[in-house]
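Starting from the known structure of chain A, fit chain B onto it as the hints suggest.
Number of protein chains: 2
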Amino acid sequence: MNKNNLSFSTWISNNIKNINDNLEKILQNHQDAKLSVLQEAMKYSTLSDGKRIRALLVHASFLAAHGCLMEKDDVLLSIDKAAIAIELIHSYSLIHDDLPVMDNDCMRRGKPSNHIVFGEAIAILAGDSLQSLAFELITCIPISYEIRINLIKNLAESAGYLGMAGGQAIDLTNMGNNISYEELKNMHSMKTGAIIACSIKFGYILAGANQVVKCILDEFAYHLGIIFQIVDDILDVTSDDKQLGKTAGKDSKYNKPTYVSMFGVMKSRKMLEKLRDKAINIIKPLGLSNNRLLEMLDLIIYRNY
Amino acid sequence: MNKNNLSFSTWISNNIKNINDNLEKILQNHQDAKLSVLQEAMKYSTLSDGKRIRALLVHASFLAAHGCLMEKDDVLLSIDKAAIAIELIHSYSLIHDDLPVMDNDCMRRGKPSNHIVFGEAIAILAGDSLQSLAFELITCIPISYEIRINLIKNLAESAGYLGMAGGQAIDLTNMGNNISYEELKNMHSMKTGAIIACSIKFGYILAGANQVVKCILDEFAYHLGIIFQIVDDILDVTSDDKQLGKTAGKDSKYNKPTYVSMFGVMKSRKMLEKLRDKAINIIKPLGLSNNRLLEMLDLIIYRNY
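Here the protein sequences line up with chains A and B, keeping their order.
Residues in the first sequence are numbered consecutively from 1, following full-length UniProt numbering.
Residues in the second sequence are numbered consecutively from 1, following full-length UniProt numbering.
In isolation and in its complexed conformation, chain A is listed as follows (with noise of 0.2 Å):
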């Protein structure tokens, strides 16, 4: 049976499987008594009960791009490393995001987090080592230099100022702030959106795909990455602790301006329809039927935490 005809369902679990299975290795190697406290850290976050977004739309995106695996072992250890290097990234991002000075959330992934386990110092120094590890795995990829480094300069710029880190930092300086919808939308783009579209890129990057694909693919990115961030922020107002695995209902509690509190859940949900026709008609050109990033929209348009 051809791995691709495989049911969304069994593509995910065996995708998180391996994922997980390759986050553990990559983090059980150079076990070293001294630093015994900041790995366990650093596995303690990681190697939590996570959705592997990232990492699987590194590989649906591979394959929406027709990259072909077959049997080409380097193929498909490239695009689990590459896949693993950005859940580092996020891991790292969500321990830094849940520091007392920053979004000061106790809980995350179901779990007490980082730095109520380990204390705050050793949690900055997890986020920092993982940082660190994601590029260092990317420079071990069996894939030509050159590749490598398009990898590591695109998750370089996704996670930096112009980024992620950027994304936060306006996202804190916005709270209480009354923005505007272009605003919202930049901050996000930036917070949560560049990592996804990073996701998408590293797929296509690796499947040696065309400009049009990557176009038409960098386009489906920013609209996913939107209708992402709309979800989270309606499952915060919907979701209890218990389903989120996070403090709901923090967005209000901090005065943040989201798409809810901008336009309330049922025009947000309006929107997040909107989006989804429009993220199926930018893909359409790549083929809708058993289209892995057709079914992740909908699994992460659909998902309850």
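Calculated from the structure, these hints are not laboratory results.
The structure displayed is predicted, hence computed values, not measured ones.
The beta-carbon is built from N, C-alpha and C at its ideal position, and this holds for glycine as well.
Each hint should be verified, as a subset may be incorrect.
Unchecked claim - Okay, the calculated bits of chain B under chain A, using three or more residues with CB under 8 Å as the criterion:
# : region
1 : 13-27
2 : 36-48
Claimed, not checked - Straight-line C-alpha distance at most 20 Å; calculated EDC-like pairs for lysine to aspartate or glutamate:
#  : chain 1 : residue 1 : chain 2 : residue 2
3  : A       : K256      : B       : E157
4  : B       : K43       : A       : E157
5  : B       : K111      : B       : D232
6  : B       : K34       : A       : E183
7  : A       : K284      : A       : D298
8  : B       : K34       : A       : E120
9  : B       : K284      : B       : E273
10 : A       : K34       : B       : E157
11 : B       : K256      : A       : E120
12 : B       : K153      : A       : D218
13 : A       : K34       : B       : E182
Same frame as chain A, but now just chain B:
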């Protein structure tokens, strides 16, 4: 006049000006009003009055490895960018180390620490962004992709949990504990030594050094790292805040194991002399006359801040 025949002090001041100009240029890129606070925070610490020892070591190591500059602009550009990447990592580490939950220092380089001016959240994000920027910068070095990957791999390893960040974690865990001399040396070889060793590696990688030269310079770098730390420990007890540009006497206040707490100032100075002789012997095969690394060794030993 051959640039290598410049007096050491002229070489230093020319290079520091060049390093500062390049840091300014890279941090002025993509100025964005929305990001002004974060960008100011990144500039505030990085463009402050640093000694630039790590960046200078990249240049000095390149020359000691008989790297040839001549008119090859790209080589010069490559050294500049590589040296600046190291300074960005160093700057990020200082910002995070100074945080209240870490070493809690409210002064750095003669000015209030980053978190005192910008708040802890922005300070953390500025450090995070500087780390990403360092790797992004190396991806743009005008040298082969293979060498860029080699630089990134070395920097990521040196900055991460088996290097600088790991050393800082061990340092925090050690506070108030009795540790052995071996443990002290190991901790410092990670916390301070790893990035110093990486600076030397950057120089010889860019010079295309052979295996023998690499071994000599690695061995020299290991000793230089220890020397750097002993001087730091001595200055902490013999200098004042104004001279150091940061809070003096902090090691004993926090009951940190240091060379001075273990051996006292006099014996630490004697160790320094012996290590200096050893370092000179190690590097002798590369030639002692007009050797910038040797001059850097004495600059590091005889500095007063």
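Can you list which hints this structure breaks, lowest number first?
1, 3, 8 and 12
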